[in-house]
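Spelled out, the chains give:
2 protein chains.
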Amino acid sequence: MAGMMRQVVLAAYARGNPRPSDFRIEQVPIPEAGEREILLKTLWLALDPLIRFSIDEKLLSGATHMQLGEVMFGPTVSEVVASNHPDYAVGDFVEGRTGWREYAIVAPDRSDYRGPPRKLDPGLAPVSTALGALGGPGQTAHEGIVTVGRVKPGETVVISAAAGAVGSIAGQIAKVLGARAVGIAGGPDKCRALRDLGFDAAVDYKAADFADQFKAALPDGADVYLDNVGGDVTLAVLPLLNRGARMPMCGYIAYYGVGMEGPGPDHLPGFYRHIMAKGLEIKGFAGIFAGQKGLDDIAGWMKQGKIRFPEAVVEGLEAAPEAFASVFSGNAHVGKLLVRVADKA
Amino acid sequence: MAGMMRQVVLAAYARGNPRPSDFRIEQVPIPEAGEREILLKTLWLALDPLIRFSIDEKLLSGATHMQLGEVMFGPTVSEVVASNHPDYAVGDFVEGRTGWREYAIVAPDRSDYRGPPRKLDPGLAPVSTALGALGGPGQTAHEGIVTVGRVKPGETVVISAAAGAVGSIAGQIAKVLGARAVGIAGGPDKCRALRDLGFDAAVDYKAADFADQFKAALPDGADVYLDNVGGDVTLAVLPLLNRGARMPMCGYIAYYGVGMEGPGPDHLPGFYRHIMAKGLEIKGFAGIFAGQKGLDDIAGWMKQGKIRFPEAVVEGLEAAPEAFASVFSGNAHVGKLLVRVADKA
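If you read the protein sequences in the order shown, they are chains A and B. If you're matching positions, the first sequence starts at 1 in the UniProt record's numbering and goes up one per residue. If you're matching positions, the second sequence starts at 1 in the UniProt record's numbering and goes up one per residue.
One chain only, chain A, in its complex shape (with noise of 0.2 Å):
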């Protein structure tokens, strides 16, 4: 397929949030597929936060995840538009992490620790879902909520960055299983948006009586607490949890700009005195290791109508570097962050 086409790559290690200036469009030739390789054309790309940690000049091991220029990670939704691959064909539809680019070459005998491109069937839902409800933010609430949190019918649940991908998922996992959901997110439209999902209570954290609305909010604490954020959101879930809580951890967006160290005063002794005074289990896990179990148990729920996901769409490739960093200044958008870089062929 001769001509050309844009792609995303960095151009600055972020320091703090990531700003559009950290990115830089280029355009280059797409690319021919070799042999047992086979061309994808990007319909749907991901802005997950966790991105975040590749563009770190060093990681926590120390060493550099990705070089200047490189193209930036991500994971996408495509079509199959050339094929030199038995187990694909032109017409297919695949999730894989082909990245920030409107055309990627993969070679599916080689693929990386997730496994070659993952088949879709859009008879069941469409594509895009599979970067949502049944991708890696349906496996990550799933595994929090189900596996981690171990939620019990009648027991209490707060979810942070409710409004986010996992998050207003994973209310709504907690509600099939008896739970009483309450979300945290910032702003009375994402609030709103997670009371219509089904959430008990949506509290937002920006308000200036938080404080008195999250207590009010958990009248009897909480017995299950999925932390996607950490700082000030976390400090202010911590004294009301309950005796033997769990505490599923996936994420820390409040940190993922600072690196080891905050400004002080020093959390951890507070920290240490919740875990010790109330006996709380905290876990640290990726949904993306639970395996299709998660995936099927979500596709049940939304064929009932028990779950469903909203998706946030931006248009165009050249849209990411912004929508990425707003997603790091508490921006509006309710679900799933998508980037529609074309349409099918």
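Calculated directly from the structure, the hints in this document are not laboratory data. Incorrect hints may appear among the rest.
[Unchecked claim] For lysine to any residue, the following SDA-like pairs were computed, each having C-alpha atoms within a straight-line distance of at most 25 Å:
| no. | chain 1 | residue 1 | chain 2 | residue 2 |
| --- | --- | --- | --- | --- |
| 1 | A | K215 | B | G259 |
| 2 | A | K278 | B | L50 |
| 3 | A | K58 | B | L235 |
| 4 | A | K278 | B | Y13 |
| 5 | B | K344 | B | G316 |
| 6 | A | K58 | B | K278 |
| 7 | B | K58 | A | D212 |
| 8 | B | K58 | A | P239 |
[To be verified] Restraint ranges, calculated between C-beta atoms of paired labels, are given here:
| no. | chain 1 | residue 1 | chain 2 | residue 2 | range |
| --- | --- | --- | --- | --- | --- |
| 9 | B | Q292 | A | R114 | 43 to 51 Å |
| 10 | A | Y13 | B | G300 | 51 to 59 Å |
| 11 | B | F210 | A | P20 | 57 to 65 Å |
[Unchecked claim] Residues of chain A clear of chain B, computed beta-carbon distances all greater than 10 Å:
| no. | residue |
| --- | --- |
| 12 | A33 |
| 13 | L68 |
| 14 | N84 |
| 15 | V90 |
| 16 | D196 |
| 17 | D220 |
| 18 | H267 |
| 19 | E281 |
| 20 | G284 |
| 21 | S329 |
No residue lacks a Cβ here, since even glycine has one placed at the ideal position from N, Cα and C.
Fit chain B to the known structure of chain A by using the hints.
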């Protein structure tokens, strides 16, 4: 029983580390046992670091635990010297929580959450072990290594405050389970004592080359970290924990005097980063709720010579305030710190 006795009362709420001047010794008449009460003569008093919480002016809940002038709390082993209760006879030995005094009245029918005084079999082991290996510290070590830590053969277990009552037992339990035990303690004498107890390695956190020594002691990282300390020691352990490591938490002596916030920088962002990057599992627990199973295991292992239990003894109730304060300034004792209040009648 006519006569006078001594008791230690709280003279001032502690700020930071406790000082001997926070306590005062009083002379009072020996009380008399009323209906269905027993009179206990204190033989042994345990100086548990956790008592530190009782002498804060405010607990986490905002409540005040102890009043000024009240007799200090504390676990004790006593002899029954007068009994008006059918379940206890003169000459029985019991473990209870009668505090820092030479005699105490107990009403077994009106006992606290830990139940009536526990009768001891002096033929099984010296009665002082009811405050250590066969008491709360033993339960805590067992719960941390066996139940919360789920230590498996071939794993590496790191233990902070390893020369303390909990740590010294915990390391030996890890060895019984077929794991490698690495202890962290302050000073070469304590480290030598740990190696004598069978620890595979013991590292002195006060040594100038602690970081290098510690890394050398963990060529394959650590799978379980029994944390009794927090603070700088834990910050040194975190980078060496393996993926999926468990971190049972039974205390945090580095923060007991700090309250909710310590001086900056804020170490909570780095703590989150480790939890997420490695999928750590952290759980606060209190061994005293762990039941009899752990004590039976330990008693069996002691009989087989697989677990030895060091005790450090100071003489006389009047020595308690200074000995207790020394716990927080890194004193040199190994094992359980006990006050011998009296010999048996």
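Enumerate the violated hints, using their earlier numbering and listing them in ascending order.
11, 18, 19 and 20
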